[in-house]
Amino acid sequence: MRRLAPALGLVPFLGFLAIFLLVPTIAVVVGAFVEEDQPSLSNIQALFDDVVMRTLWNSVVLSGSSAIIGAVLGALLAYAVVTGRPDGLLRRSVTAACGVLAQFGGVTLAFAFIATLGFSGVITEIGRDTFGIDLFGSGWLFGLKGLTLVYTYFQIPLMVIVFLPSLDGMRAQWREAAESLGASTWQFWRHVAGPLLLPAFLGSTLLLFANAFAAYATAAALVSQGSPIMPLLVRNALTSEIVLGQQHLAFALALDMIVVVVIVMTLYVLLVRRTSRWLR
Amino acid sequence: MTASPRVRARRRLAAFRITVFVVLGAFFVVPLLSMASFSVRVPARGRTLDYWKQLGENPELRSAIVTSLELAALTVALMLVLLVPTMVWVRLRVPGLSRIVEFLCLLPLTIPAIVLVVGLEGVYAWVTYFFGDSSLTLTFAYTVLVLPYAYRSIDAGLASIDVVTLSEAARSLGASWFTVIVRIIVPNIGSALLSAAFISVALVLGEFTIASLLNYENLQVVINLLGKSDAQTAVAASLASLLFAFVLLVLLSFVGRRSSRRVTATVAPAPATSTTTPREA
Chain A
79 MRRLAPALGL VPFLGFLAIF LLVPTIAVVV GAFVEEDQPS LSNIQALFDD
129 VVMRTLWNSV VLSGSSAIIG AVLGALLAYA VVTGRPDGLL RRSVTAACGV
179 LAQFGGVTLA FAFIATLGFS GVITEIGRDT FGIDLFGSGW LFGLKGLTLV
229 YTYFQIPLMV IVFLPSLDGM RAQWREAAES LGASTWQFWR HVAGPLLLPA
279 FLGSTLLLFA NAFAAYATAA ALVSQGSPIM PLLVRNALTS EIVLGQQHLA
329 FALALDMIVV VVIVMTLYVL LVRRTSRWLR
Chain B
40 MTASPRVRAR RRLAAFRITV FVVLGAFFVV PLLSMASFSV RVPARGRTLD
90 YWKQLGENPE LRSAIVTSLE LAALTVALML VLLVPTMVWV RLRVPGLSRI
140 VEFLCLLPLT IPAIVLVVGL EGVYAWVTYF FGDSSLTLTF AYTVLVLPYA
190 YRSIDAGLAS IDVVTLSEAA RSLGASWFTV IVRIIVPNIG SALLSAAFIS
240 VALVLGEFTI ASLLNYENLQ VVINLLGKSD AQTAVAASLA SLLFAFVLLV
290 LLSFVGRRSS RRVTATVAPA PATSTTTPRE A
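Residue numbers (our numbering), protein chains in the order written: chain A, 79 to 358; chain B, 40 to 320.
Hints listed in this document are in silico derivations from the structure and should not be mistaken for laboratory results.
Glycine included, C-beta positions come from ideal geometry on N, C-alpha and C.
A couple of the hints might just be wrong.
From chain A, some residues computed to sit far from chain B (all C-beta separations above 10 Å) [what the hints assert, rightly or not]: (1) D207; (2) W252; (3) Q265; (4) V270.
Here are some, though not all, of the chain A residues that point toward chain B, as calculated from beta-carbon distances under 7 Å [stated by the list, open to error]: (5) P84; (6) A85; (7) G93; (8) A96; (9) F98; (10) A105; (11) A158; (12) V185; (13) T186; (14) F191; (15) A193; (16) A332; (17) M343; (18) V350.
Distance windows between CB atoms, simulated [said to hold, decoys possible]: (19) B:R50 <-> A:R170: 47 to 57 Å; (20) A:W252 <-> B:G95: 53 to 63 Å; (21) A:P90 <-> B:G135: 16 to 26 Å; (22) A:D246 <-> B:F283: 24 to 34 Å; (23) A:L259 <-> B:G135: 44 to 54 Å; (24) A:I341 <-> B:F67: 47 to 57 Å; (25) B:G95 <-> A:S198: 19 to 29 Å.
Using the sequences and the hints given, assemble the complete structure.
Given below as C-alpha cells:
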C-alpha cells in the first residue's frame, strides 16, 4: 500500500485523459462494430462500398502527392539552409518562419488561397486583366488539385523542421573521405549521402503523409461540393445522420482513418530507429 | 590548380541556393500579400479599411474573438494545472511511470482531430449535462489537443534543471510538496512554461475541427461562416488571427533560444536567480 501511494498523485491527470482521450478512442473502435444498439459488422462491410473506397483512395492520393512534393521541395530548402552559415541570420529566420508556417493551416490557409487564386483572387485578376489567362479555370482550387497545392503550403515547412536535424548530422569528413578516394559529387550523393539520408527522408515523408491525411479544417473551408476525401466523409456521416443506410458509419470511417495512421506511424518509427543508428 | 573545379562547384551551390530561396519564398509570400491586398480592396474604387473596421464592429465576430481568447486562457490554465504537478511528481516519486505518461501525452498526435470528435460526441453529452452548453466547455477537448506540444516543452524545461537535488534541498528545509512545486520548480522552468503556453494559445486560436463539428462557435467557425456572406471581412479576420499567431510563435522562438542558452550556463540555478519568472503560473 505504501509503495502504491506515490502513484496516486497521477490520478487527476490519468482521470482526465481517461475521460477525454481514452474513452473517445475506445468509443470509436467499439462504435464501429455496433448498429442500432446491436453488435454488427454492417458498418465495417460498408467501408468496402464503392463510395468509401473511392474516397479513401482520393485521400491517399492527396496525402501521398502533397507529402512527396512537400518532402522534395522541403529537402531542397533544408539543404539550401544547411549549406549556409550555421548561426547566420538566414538560417535563423528560415527555421523560425517554418515553425510558424507548419502550424499555419485550417480556415485561415483556405482563405489565403481563395484571396490568391479564387474567382476574384488577386493573382487570378492579374492573370485575367494583364495577361488574359484564366487561372481560375472551372474552379480547380476547390477540388483535389487545389487541395494538393494548398496542403503543400504547410508540408514544405514541416519537412524543413523534421529533416534539418538529419542534414545537420552529415559530417564534412564523409565528403572529404569520399573526395580523397576520387569520388565525384554525383558518386558521393549516390553512394554515401543518399543511402545514409534515405531512411530519414522516407520517414519524414511518412510523417507528412499522416499530417495531410488527418487534416480537416482546410478542406472543410475550401471544398464546396461533395465529400471527396475521408475527413469530409466523416463530417458528412456525423452531420447528416444516415449515409449509405448506416447510423454508425462515422465510427467505422474514423476507425478506418485510425488504421491508416497507425500503419503509417509504425513504419515511421521503424525508419527513425534505423536513422538514429547513423545520424545523431 | 584544384581551385577551378572547387570554385565552379561553389558557384553552382550559390546559384542553387538563390533559386530555391527565391522560388519557395515567392510561393510562401504571395498568398500572404494577396490576403492583405484582398482585404483592403474595393472594386473600381481603390482601397478601404472598412473591412478591418468590421473586426471590431461586427457583433458576432467580436463575441467569437472574446470566446476564443477565453478558451485560450482556460486551456492554458487547465494544461498547466494538470501537467506541471504530474510531470514533477513522476520525475521525483514514480519515475517508472514516465514512459506511460509520455506515451499518453504524445498519443493525441497520432489520433486525427476528426476521429477524436466522433468519439467525443458521447462524452460531450455528459459535459453539457454537468457544465451547461457553453462554448467554453471546449476547454477540455483543447487541453487534450495541446498536450503533446506542452508536454515536450515542459519536459525539456525539467530536463534542464536538477529536479531531484532542488526538491531534496527544499524538503530537507521543511518545505511541503506544494511549496516545492510552486516556489522551487515552477520559477526555474519559467521559460519552458511560457513556451508551452504560447504554443497552446496559438493552437486554440486556430482550432476549427472540434468546435465546428460539436456545434460550438469559436473564432474560426465564425470566420468560416462569414466567408460565405462577406469574403473580404473574413479574409481580414483570417489575416489578423494569423498575424497574432505569427507574433506569438516568433516570441516563442526567442524564449526557446534563451532557455537553451541558460541550460548550458547553469547546472542547478538557485531559485533566487530567476528574475524572469512568468507570474501567470
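Hints, verified against the model:
1. D207: holds, 12 Å
2. W252: The claim stands: W252 of chain A keeps its Cβ more than 10 Å from every Cβ of chain B (closest is about 16 Å).
3. Q265: At roughly 14 Å from the nearest Cβ of chain B, Q265 of chain A sits farther out than 10 Å, so the non-interface label holds.
4. V270: The claim holds: V270 of chain A sits with its nearest Cβ about 16 Å from chain B, beyond 10 Å.
5. P84: Where the cut-off is 7 Å and the nearest Cβ of chain B is about 4 Å from P84 of chain A, the hint holds.
6. A85: Interface hint status for A85 of chain A: holds (5 Å vs cutoff 7 Å).
7. G93: Since chain B brings no Cβ nearer than about 10 Å to G93 of chain A, farther than 7 Å, the hint is violated.
8. A96: violated, 9 Å
9. F98: At 5 Å from the nearest chain B Cβ, F98 of chain A passes the 7 Å test, so the hint holds.
10. A105: For A105 of chain A, the interface hint holds, since the closest Cβ of chain B sits about 4 Å away, which is under 7 Å.
11. A158: For A158 of chain A, the interface hint holds, since the closest Cβ of chain B sits about 4 Å away, which is under 7 Å.
12. V185: holds, 5 Å
13. T186: holds, 4 Å
14. F191: holds, 6 Å
15. A193: holds, 4 Å
16. A332: holds, 4 Å
17. M343: holds, 5 Å
18. V350: violated, 13 Å
19. B:R50 <-> A:R170: 47 to 57 Å: About 25 Å separates the Cβ atoms of R50 of chain B and R170 of chain A, which means 47 to 57 Å is violated.
20. A:W252 <-> B:G95: 53 to 63 Å: Since W252 of chain A and G95 of chain B have Cβ atoms about 58 Å apart, the given range 53 to 63 Å holds.
21. A:P90 <-> B:G135: 16 to 26 Å: holds, 19 Å
22. A:D246 <-> B:F283: 24 to 34 Å: With a Cβ separation near 31 Å, D246 of chain A and F283 of chain B satisfy 24 to 34 Å, so the hint holds.
23. A:L259 <-> B:G135: 44 to 54 Å: At roughly 50 Å between Cβ atoms, G135 of chain B and L259 of chain A fall inside 44 to 54 Å, so the hint holds.
24. A:I341 <-> B:F67: 47 to 57 Å: violated, 31 Å
25. B:G95 <-> A:S198: 19 to 29 Å: Check passed, 25 Å falls within 19 to 29 Å.
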